[in-house]
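Chains R and W supply the protein sequences, listed in that same order.
Heads up: the first sequence at position 100 corresponds to 100 in the numbering used here, and the numbers run straight through without jumps.
Heads up: the second sequence at position 112 corresponds to 288 in the numbering used here, and the numbers run straight through without jumps.
One or more hints might be untrue.
[Said to hold, decoys possible] Derived, one-sided and incomplete: chain W residues facing chain R with beta-carbon distance under 7 Å:
#1 Asp197
#2 Met199
#3 Ala202
#4 Leu228
#5 Met242
#6 Gln249
#7 Arg270
#8 Tyr271
#9 Gly272
#10 Tyr274
#11 Ser276
#12 Glu278
Worth flagging that the hints you see were computed from the coordinates, not collected in a lab.
All C-beta atoms in this analysis are idealised placements derived from N, C-alpha and C, irrespective of residue type, glycine included.
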Amino acid sequence: MRSRLFLWVPLALFAFFAGVAGYMLTQEKDEFVESTMIGQPLPDFALDPAFGGLPGAAKGDLVGGKPRLLNIWASWCTPCIAEAPQLEALQARGVEIVGIAIRDRPEDVANFLGRYGNPYARIGSDRISEVQLAIGSSGVPETFVIDAKGVIRYQHIGDIRPEHVAVLLEELEKAR
Amino acid sequence: MIRAVVALLLALLAIPALAQDSMPPAPYAYNQLDDPRLEAEATALMHTLRCLKCQSQSIADSDAPMAGDMRHQVRSRILAGESPDQIRGWLIARYGDYVSYEPEVSATTWPLFAAPVLLLLIVGGVLLRRLGKRRSDAGDAA
Numbered sequence: 001m002r003s004r005l006f007l008w009v010p011l012a013l014f015a016f017f018a019g020v021a022g023y024m025l026t027q028e029k030d031e032f033v034e035s036t037m038i039g040q041p042l043p044d045f046a047l048d049p050a051f052g053g054l055p056g057a058a059k060g061d062l063v064g065g066k067p068r069l070l071n072i073w074a075s076w077c078t079p080c081i082a083e084a085p086q087l088e089a090l091q092a093r094g095v096e097i098v099g100i101a102i103r104d105r106p107e108d109v110a111n112f113l114g115r116y117g118n119p120y121a122r123i124g125s126d127r128i129s130e131v132q133l134a135i136g137s138s139g140v141p142e143t144f145v146i147d148a149k150g151v152i153r154y155q156h157i158g159d160i161r162p163e164h165v166a167v168l169l170e171e172l173e174k175a176r
Numbered sequence: 177m178i179r180a181v182v183a184l185l186l187a188l189l190a191i192p193a194l195a196q197d198s199m200p201p202a203p204y205a206y207n208q209l210d211d212p213r214l215e216a217e218a219t220a221l222m223h224t225l226r227c228l229k230c231q232s233q234s235i236a237d238s239d240a241p242m243a244g245d246m247r248h249q250v251r252s253r254i255l256a257g258e259s260p261d262q263i264r265g266w267l268i269a270r271y272g273d274y275v276s277y278e279p280e281v282s283a284t285t286w287p288l289f290a291a292p293v294l295l296l297l298i299v300g301g302v303l304l305r306r307l308g309k310r311r312s313d314a315g316d317a318a
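Please take these sequences and the hints and turn them into a complete structure.
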């Protein structure tokens, strides 16, 4: 009798794997690669200005006094247009936002800011994504909360929707 | 009819929105290192690093701008004297094991390495018992 029951084990295993596969098909695919730099200090960097209107960005600009947002974006990135009003709302709440423009041209940056508003205190130009890779960011747009000591405290992947503004304000408060 | 033709012509004229930048690639994205030994080292490493934008490809196989920027990092770091293991470690520190195609034993992956060993042990045990039994049966018959 016991050996009879044993015969059902392969079928049970198959049903289990089929069940798991079926369940996973109904789940939304998460393709985001999260940075493992949370809790780590920002790496050293110094980037030239992304266009004539604002200074460039270096690690020192993100250290001292208060937490800040580091926004990884690009003028060629469509979701970056969608998050522009939310960045302006954050700036209106007194948040200092440092931008890093990925693989961008000065005239395109100026054009983008002219059309969709400029919430940035400074923007560095990262022509070969080297700072982006150094902080573990895998796309645009991404937004990092940097505390006053220059430690990366939080990563937001994708565009900032209206419901994320409060989350970011809370994370900035936590990083104080 | 004329409307349909006009609509078709307009559709042909439409320019797809640029989803990616139009910047020139990083210096070492598509250029090889001068020293063939270093280039071979870099290429071998690039084949085992995952492209973050196109996750089923290695950065050696991908034409995504970000993969090009990653190849630039690999080649310029090799040129600066870093070892492939150091560069892999640098990337893993930023993106986790995910970025590497070379499997490593860790808190989450150890069952993958333990399972085959366990199965071999079980199979070995079963075989020993069966063969041992047969031999003793044969001994009885003789």
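To see whether the hints hold, each was checked on the structure:
The interface hint given for W/Asp197 holds, since its Cβ lies 4 Å from the closest Cβ of chain R, which is under the 7 Å cut-off. Checking W/Met199 against chain R by beta carbon gives a least distance of about 4 Å; that is within 7 Å, so the hint holds. With 7 Å as the threshold, the beta carbon of W/Ala202 comes within range of chain R, its nearest partner Cβ sitting at about 4 Å, so the hint holds. The beta carbon of W/Leu228 comes within 4 Å of a beta carbon in chain R, closer than 7 Å, and the hint placing it at the interface holds.
Given the 7 Å rule on beta carbons, the hint for W/Met242 holds: about 6 Å separates it from the nearest Cβ of chain R. Interface hint at W/Gln249: satisfied, since its Cβ lies 6 Å from the closest Cβ of chain R, which is below the 7 Å cut-off. Interface restraint check for W/Arg270: the shortest CB-CB distance to chain R comes to about 4 Å, inside 7 Å, so the restraint holds. Hint on W/Tyr271 holds. Least Cβ distance to chain R is approximately 6 Å, under the 7 Å limit.
A hinted interface residue such as W/Gly272 counts as satisfied when its beta carbon comes closer than 7 Å to some beta carbon of chain R; here the least separation is about 5 Å, so the hint holds. A cut of 7 Å between beta carbons decides the hint on W/Tyr274: the least distance to chain R is about 6 Å, and the hint holds. Because the closest C-beta pair between W/Ser276 and chain R is about 12 Å apart, greater than 7 Å, the hint is violated. Among the interface hints, the one on W/Glu278 is violated; its C-beta lies about 17 Å from the nearest C-beta in chain R, farther than the 7 Å criterion.
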